[in-house]
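> One letter stands for each residue in the lines below.
Number of protein chains: 2
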Amino acid sequence: MSLSISQTYLPVFEIGLNALSGVLDKASAFAASKKVDESVLVGWRLAPDMLALARQVQIASDMAKNGAARLAGVEPRRFEDTETTIQQLKERIEKTLAFVKTVDTTAIDASADREITFPLGPTNKGQMRGVDYLNHFVLPNFYFHLTASYAILRHCGVELGKRDFLGAIPMKMT
Amino acid sequence: MSLSISQTYLPVFEIGLNALSGVLDKASAFAASKKVDESVLVGWRLAPDMLALARQVQIASDMAKNGAARLAGVEPRRFEDTETTIQQLKERIEKTLAFVKTVDTTAIDASADREITFPLGPTNKGQMRGVDYLNHFVLPNFYFHLTASYAILRHCGVELGKRDFLGAIPMKMT
Numbered sequence: 004m005s006l007s008i009s010q011t012y013l014p015v016f017e018i019g020l021n022a023l024s025g026v027l028d029k030a031s032a033f034a035a036s037k038k039v040d041e042s043v044l045v046g047w048r049l050a051p052d053m054l055a056l057a058r059q060v061q062i063a064s065d066m067a068k069n070g071a072a073r074l075a076g077v078e079p080r081r082f083e084d085t086e087t088t089i090q091q092l093k094e095r096i097e098k099t100l101a102f103v104k105t106v107d108t109t110a111i112d113a114s115a116d117r118e119i120t121f122p123l124g125p126t127n128k129g130q131m132r133g134v135d136y137l138n139h140f141v142l143p144n145f146y147f148h149l150t151a152s153y154a155i156l157r158h159c160g161v162e163l164g165k166r167d168f169l170g171a172i173p174m175k176m177t
Numbered sequence: 004m005s006l007s008i009s010q011t012y013l014p015v016f017e018i019g020l021n022a023l024s025g026v027l028d029k030a031s032a033f034a035a036s037k038k039v040d041e042s043v044l045v046g047w048r049l050a051p052d053m054l055a056l057a058r059q060v061q062i063a064s065d066m067a068k069n070g071a072a073r074l075a076g077v078e079p080r081r082f083e084d085t086e087t088t089i090q091q092l093k094e095r096i097e098k099t100l101a102f103v104k105t106v107d108t109t110a111i112d113a114s115a116d117r118e119i120t121f122p123l124g125p126t127n128k129g130q131m132r133g134v135d136y137l138n139h140f141v142l143p144n145f146y147f148h149l150t151a152s153y154a155i156l157r158h159c160g161v162e163l164g165k166r167d168f169l170g171a172i173p174m175k176m177t
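Going down the list, the protein sequences come from chains A and B. Read the first sequence against our numbering and you will find it ends at 177, with the numbers running on by one and no gaps. Read the second sequence against our numbering and you will find it ends at 177, with the numbers running on by one and no gaps.
Because the hints were derived from the structure by calculation, they are not lab data. One or more of the hints may lead you astray.
Any copy, or any two copies together, can satisfy a pair, since identical chains are not distinguished.
List time: in silico DSS-like cross-link candidates among lysine-lysine, alpha-carbon distance up to 27 Å [to be verified]:
| # | residue 1 | residue 2 |
| --- | --- | --- |
| 1 | K38 | K165 |
| 2 | K175 | K128 |
| 3 | K128 | K93 |
| 4 | K165 | K93 |
| 5 | K165 | K128 |
| 6 | K37 | K175 |
| 7 | K38 | K104 |
| 8 | K98 | K175 |
| 9 | K37 | K98 |
| 10 | K98 | K128 |
| 11 | K104 | K93 |
| 12 | K165 | K175 |
| 13 | K37 | K104 |
| 14 | K38 | K98 |
| 15 | K29 | K98 |
| 16 | K128 | K38 |
| 17 | K128 | K37 |
| 18 | K38 | K175 |
| 19 | K38 | K93 |
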């Protein structure tokens, strides 16, 4: 059996982003129970020169929406990166998932050998074969920012486990 | 074009683990320059109830070797999890990459629809279709522990950037 790109990866984005939304719910409940302003969590960093939680969530969102769009050969929808609350970050995730669902899966599935050009920072551009762009750029970055979000919140004391990170994966347990 | 599982994922493990080995080199150089005992870094955690660096590296290794072996239907090689130094963790990565290269790629490629059963903690077992096991269990966990290793070291002050995390990906930059 061979794998279609869209059937394989669109569920990865959906499960991962929904899991992140659930992680943010637990962060919100933690803030309420500790009487901590949510903005403290939204602005938390693991090091002074690492990105804060809000930016980690925004980039995880960007990886899903930009990855799907560039594979399909369409311009990704732009979001303004203005989220400052947990609720707004959860809405960003919803908008991302809604956008990903609009991307043409036939175009995505035809992208494996196509050369993809994408911005790398403000001035550079990266170029990769579609399947390499997905497996060696989009997915590692997507999981990096999901994990960084999780790790920031664990570091702050939010009670999260690996199941919160993995989300609703299609697994039977015995 | 369709994707073969082995051609797609074995390079993901190889690039990711080699990148982790490079990250550990930078950790070692940081410890030397700061006159910090390397065991401080090897035992560092982002939270008291999170795993220390050594265990994060061991589990990243396990995800690659166990994932490849279980997809191929063979028993994974067992490692003893006794590493206490950065050099030993780098050797663990080398042994992992050597083992992954011995796994039969034809058997991996035939695993997409096969039911995979794998241990989940000391008593439970998980069951997933091969392609789901790879995309929704092995890869998220693999990247989780790579990112956690990176985040622990960033938190300790080691100078690392995203390029260190991504490793030698097949990308042209202009």
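> Given identical chains, is K37 near K98, meaning Cα to Cα at most 27 Å, within a copy, between copies, both, or neither?
Neither: 29 Å inside a copy, 45 Å across copies.
> Regarding K37 and K104, is the shortest C-alpha distance of 27 Å or less found within a copy, between copies, in both, or in neither?
neither (37 Å within a copy, 49 Å between copies)
> Using 27 Å as the alpha carbon limit, work out where K38 and K93 are close: within a copy, between copies, both or neither.
within (20 Å within a copy, 43 Å between copies)
> What label fits K165 with K175 when the C-alpha limit is 27 Å: within, between, both, or neither?
within (16 Å within a copy, 35 Å between copies)
> Can you tell me if K175 and K128 fall within 27 Å by alpha carbon in one copy, between copies, both or neither?
Classified as between; 8 Å across copies, 42 Å inside a copy.
> Is the C-alpha distance from K38 to K98 at most 27 Å within one copy, between copies, in both cases, or in neither?
neither (29 Å within a copy, 48 Å between copies)
> Between the shortest in-copy and the shortest cross-copy C-alpha distance, which are at most 27 Å for K165 and K128: within, between, both, or neither?
between (35 Å within a copy, 15 Å between copies)
> Pop the pair K98 and K128 into one bin, within, between, both or neither, using alpha-carbon distances up to 27 Å.
So K98 and K128 pass the 27 Å test inside one copy only (26 Å; across, 35 Å).
> Can you give me the call for K38 and K165, within, between, both or neither, at a CA distance of at most 27 Å?
within (25 Å within a copy, 34 Å between copies)
> Between K37 and K175, at a C-alpha cutoff of 27 Å, which is it: within one copy, between copies, both, or neither?
Classified as neither: same-chain Cα gap 35 Å, cross-chain 48 Å, threshold 27 Å.
> What label fits K128 with K38 when the C-alpha limit is 27 Å: within, between, both, or neither?
Cα proximity of K128 and K38: none, with 44 Å in one copy and 39 Å across.
> Give the relationship of K165 and K93 under a CA distance limit of 27 Å: within one copy only, between copies only, both, or neither.
both (20 Å within a copy, 25 Å between copies)
Hint violations for this structure: numbers 3, 6, 7, 8, 9, 13, 14, 16, 17, 18, all remaining hints satisfied.
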